[in-house]
Amino acid sequence: MIIEKHIAALLYRFQCVTLPGFGAFISEIQSAKVAGSASTFNPPRKITTFNPNVKNNDGLLANHIALQENISFEKATEVIAFEVSKWITSLEQRDKVVLKNIGEISTNADFNWVFEPYEEINYLTSSFGLSGFISPQVTREDLKTQVEQLEEKAPIIFTPERKKNYSYIKYAASVLLFLSAGTFGYVLYNNQQVANQTLFVEKQVQEKVNHKIQEATFFISNPLKAVELPVKEELKPYHIIAGAFRNEENAQTALNNLKEKGFTARLLEKNKSGLIPVAYESFSSLVEAQLAKQKIQTEQNTEAWLLIE
Numbered sequence: 048m049i050i051e052k053h054i055a056a057l058l059y060r061f062q063c064v065t066l067p068g069f070g071a072f073i074s075e076i077q078s079a080k081v082a083g084s085a086s087t088f089n090p091p092r093k094i095t096t097f098n099p100n101v102k103n104n105d106g107l108l109a110n111h112i113a114l115q116e117n118i119s120f121e122k123a124t125e126v127i128a129f130e131v132s133k134w135i136t137s138l139e140q141r142d143k144v145v146l147k148n149i150g151e152i153s154t155n156a157d158f159n160w161v162f163e164p165y166e167e168i169n170y171l172t173s174s175f176g177l178s179g180f181i182s183p184q185v186t187r188e189d190l191k192t193q194v195e196q197l198e199e200k201a202p203i204i205f206t207p208e209r210k211k212n213y214s215y216i217k218y219a220a221s222v223l224l225f226l227s228a229g230t231f232g233y234v235l236y237n238n239q240q241v242a243n244q245t246l247f248v249e250k251q252v253q254e255k256v257n258h259k260i261q262e263a264t265f266f267i268s269n270p271l272k273a274v275e276l277p278v279k280e281e282l283k284p285y286h287i288i289a290g291a292f293r294n295e296e297n298a299q300t301a302l303n304n305l306k307e308k309g310f311t312a313r314l315l316e317k318n319k320s321g322l323i324p325v326a327y328e329s330f331s332s333l334v335e336a337q338l339a340k341q342k343i344q345t346e347q348n349t350e351a352w353l354l355i356e
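Going letter by letter, the sequence shown gives residues 48 to 356 in my numbering.
There's no promise every hint is true.
[Unchecked claim] Think about it this way: if two alpha-carbon atoms lie no more than 27 Å apart in a straight line, the pair counts; the simulated DSSO-like pairs of lysine-lysine are:
{"hint": "1", "residue 1": "102", "residue 2": "147"}
{"hint": "2", "residue 1": "317", "residue 2": "283"}
{"hint": "3", "residue 1": "283", "residue 2": "306"}
{"hint": "4", "residue 1": "52", "residue 2": "122"}
{"hint": "5", "residue 1": "147", "residue 2": "93"}
{"hint": "6", "residue 1": "143", "residue 2": "52"}
{"hint": "7", "residue 1": "283", "residue 2": "342"}
{"hint": "8", "residue 1": "133", "residue 2": "102"}
{"hint": "9", "residue 1": "306", "residue 2": "102"}
{"hint": "10", "residue 1": "93", "residue 2": "283"}
{"hint": "11", "residue 1": "102", "residue 2": "143"}
{"hint": "12", "residue 1": "102", "residue 2": "52"}
{"hint": "13", "residue 1": "283", "residue 2": "147"}
[Claimed, not checked] With beta-carbon atoms standing in for the labels, derived distance ranges:
{"hint": "14", "residue 1": "299", "residue 2": "355", "range": "19 to 27 Å"}
{"hint": "15", "residue 1": "311", "residue 2": "140", "range": "44 to 52 Å"}
{"hint": "16", "residue 1": "317", "residue 2": "350", "range": "17 to 25 Å"}
{"hint": "17", "residue 1": "309", "residue 2": "60", "range": "25 to 33 Å"}
{"hint": "18", "residue 1": "76", "residue 2": "52", "range": "19 to 27 Å"}
{"hint": "19", "residue 1": "117", "residue 2": "60", "range": "17 to 25 Å"}
{"hint": "20", "residue 1": "145", "residue 2": "281", "range": "42 to 50 Å"}
{"hint": "21", "residue 1": "321", "residue 2": "283", "range": "31 to 39 Å"}
{"hint": "22", "residue 1": "350", "residue 2": "309", "range": "17 to 25 Å"}
{"hint": "23", "residue 1": "122", "residue 2": "60", "range": "17 to 25 Å"}
{"hint": "24", "residue 1": "350", "residue 2": "60", "range": "15 to 23 Å"}
{"hint": "25", "residue 1": "136", "residue 2": "311", "range": "38 to 46 Å"}
{"hint": "26", "residue 1": "143", "residue 2": "76", "range": "25 to 33 Å"}
{"hint": "27", "residue 1": "140", "residue 2": "334", "range": "35 to 43 Å"}
Quick caveat, the hints were computed from the structure, so don't treat them as lab data. Backbone N, C-alpha and C define an ideal beta-carbon position, used for all residues, glycine too.
Model the full structure from these sequences, guided by the hints.
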């Protein structure tokens, strides 16, 4: 069974896919950027990295393989363990492990594993259909020299202007100005009269309304009961996981230890594998969750990982 196709499918939906005893493939979102002097535009994408230190079994990959291949969870776990053992043997013999649509893992001179991701694959679903492109260089023709040459060659010819008698125009303008002034004065006077009458009517109506309000008394014989509106709890789908336990007492013990350290820890719903995840904290923002995960991995637990519901 080729399990890398199942790993690739999970990378579209989850940030971390763990292979027990081998490591974890972690994806991080990179915003769109412009690279190089040739104006190369790249869309937002998910960058895949590999961390060989994260080896705990969260059951995600095994559960996915069991559902897709229609086999039991235990059988899927055995398939993963068998494939992982082959990869480790190849790396120990300095052979390269090629994972289709994910990347290549090789061993360097210091016997450390080196992961090279495939840049052609973008696991960010919101960027589906978008690809990088190179904007062609914008060239502008300099026509200044040509214009100057044309201006030097073009002859300038002066033609005498014929004088015409426009004396009648000034009399017509005087008459038009007089008529306009009279019309404008009449319009101003008429508008002022209408405004005065409107103001008088509005004052009378306002006085009657104020009088009615002062005389009115309001009684409520059957007041309505107060309605309590439920307050919607803020959704926090990003959880920093400390571990997953099959025994409820062990999960509760881990929860109490985290609370004693000052974390707002909580128990999550039991997953399909029958494990109870224990979270350090939960967040409503992916950025806040990533920052908290890095701090916890540095100060508390290097195997802490991010679960997205």
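Flag every earlier hint the structure violates by its number, smallest first. 13, 21
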